[in-house]
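Undergrad: Protein chains in written order, with the numbering used here: chain A, 1 to 292; chain B, 1 to 332.
The reader is advised that the hints may include incorrect statements.
[What the hints assert, rightly or not] Per the computed footprint, the stretches of chain B lying under chain A, defined by three or more beta-carbons under 8 Å from a beta-carbon of chain A, are: (1) 114 to 124; (2) 162 to 174; (3) 189 to 198; (4) 208 to 221; (5) 271 to 282; (6) 289 to 298.
In short, the hints are calculated from the structure, not lab data. Cβ atoms here follow ideal geometry from the backbone N, Cα and C, with glycine treated the same way.
What follows is the residue order along each chain.
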Amino acid sequence: MTAARPGAPAAARRRARGGGTGRRLLGLLAVLVALVWVFPIYWMVNSAFLPTNRMRTGEPSFLPFGGTFSNFRNVLTDSAFYDAFKVSLAVTGLTLVVAILFAFLGALAISRFRFRGRRSFILTILVVQMIPAEGLFISQYQMLDNWGLVNAVLGLTIVYVAAILPFTVWMLRGFVAGVPLELEEAAMMDGLSRTGAFFRITFPLLAPGLVASGVYGFLQAWNEYTLALVVMTDPDQRTLPLWLQGLVEANRATDWGLVMAGATLISVPVIVFFLFVQKRMSAGLVAGAVKG
Amino acid sequence: MSAPRTSSAPVLPPAPPRAAAPPVHPDPPGERRPAPRRRSLRSRLGPYLLLLPALVPVAVGLGYPLVRQFVLSFQEYGLAQQFGRPAEWVGLRNYTTLLSDPYVWGVIGRSVLFCLVNAALTMAVGIAVAVLMTRVGRGARITLQVGLLLAWGTPVLATMTVWQWLFDSQYGVVNWLLAEPLGLTGMRQHSWIIEPASFYLVATVIVVWMSVPFVVFTVYAGLLQVPEECMEAAQLDGANAWQRLRHLSLPMVKPVLLVVALLQVIWDLRVFTQIYVLQRAGAPTRETHLLGTYIYSLAKEFSMAGAMATIMLVITFVLTVFYIRRMLKEEV
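Build the full structure now, drawing on both the sequences and the hints.
TA: Here's what the structure looks like:
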């Protein structure tokens, strides 16, 4: 029932099993698989540095020799990029603040209180996550349209918060439940109020959980495409993914280097954040699923 | 938005992760609390007040559109109604119109097939790579993990632009590889997305590529939890590596495999971004629609789109009801 502790047991197991040519062949296979998965990403970054005339020769350049920053310069001098960046930042920021705060309160309720309707609430959280966005987006568009919130940061934020909240509540619930109640009770014995005990003792221990769910929410909102496509129909209100798709459609078959520079630019911060939070997310997913 | 790959990184990673830490609370109320004091009104209302902020946005952003869409799907609601004419009740007409159209059945059939093929391929490749990861040395394992993480972490739209370019008819690397080193000169200007069959082939390559990292990491984490003693005991009893995997490791991680497979089915049924972007790259849309893009194409006829979306929800439910029932029994 404990969270995955990769490393220790597996390492021991491997050592016990020993090596040999078979192992080396498997190792080679693993590297080949890694190459297949990394190639498109490598290709994106590599091509972003290649001058346009090199891409037009029909002969692919597999190495970034003779590279240039001109593609990046062209993207970064395009005001549309900054407009999209601002919209993305506003939507993501607002979504994060609202979703994390609300999810935290909800997680607190279900992990620290017993009350009527608790089970139904948990059930709702789980079932709601099964609803495909694609089965709702037209209706969501209509609703926002009636409220005059199409092409508005607030409108997109509403549907993002609704989409992200259930998972965030569930994720934070695990973290809150992981802090033993005894700690709080001990602090209360020492004279702190319940609220005081919570904020002085439990809250600091929850910081990693809040950060992890924050990064998770950031990734979801920052990368989201479908709902943005439906809600932000005005080119001036594009988020970054919509901007990138616009860039592809304007430059297809003419300037792939520029497009790759754009793709690289929006990917790098995301990848950094992602590497930071990934372990926690997948550990959370499986923890407890194997009954040992 | 979803999760990685699939990320059509759809917004909802409908992942019901178990608690990251073991849930410590036993069910009966007040059991951990020595003497249940008389509860004030404030403390009885407390949990509901805490829940309220989370409930309102979900009710507004998901619940209301869901109900509204369901109601609309029984009404005539088109352009005229948008300009103020009241919607008329038409009963099941929208549904019968849709379901008597062979084209709609084609879309449903293709979507279900695409979903099952992609989910199965993703699971097969993902499990194989996860097992491979347990069998190789540290260096190879880390290389593999870094490669998969990079692919997983890159935004869907960014990877979609790369894939479009890789399969580009004129400058794409795929055509170049086939034409130059492999000598298939006929592939020089080949368009991969103009024929539905090869369109779906490309879409499958992309979706599987995007989905596999999640499966690998999740299954790998599960495999690490299989107790060491069991493996050693089996080894002493003479079970070879394949037998240990087939009869010991995989059955023990079955709960993980079930969750992951279910998520794949949900994600692959609703696949939208990958199909939409490939269509925009010049594929014939009518022949390549799956459920998501088809609903999107109906956007102007709200009632029809609502009915189609309801059908999609029903299909999702049918494909996942087994798991939901399991979840109801175990989770809550």
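Undergrad: Does each hint fit the structure? Answer for all of them.
TA: Status of each hint after checking the structure:
no. : hint       : in the structure
1   : 114 to 124 : violated (count 0)
2   : 162 to 174 : holds (count 9)
3   : 189 to 198 : violated (count 0)
4   : 208 to 221 : holds (count 8)
5   : 271 to 282 : holds (count 6)
6   : 289 to 298 : holds (count 5)
In the structure shown, a violation is registered for the earlier hints numbered 1, 3, in ascending order.
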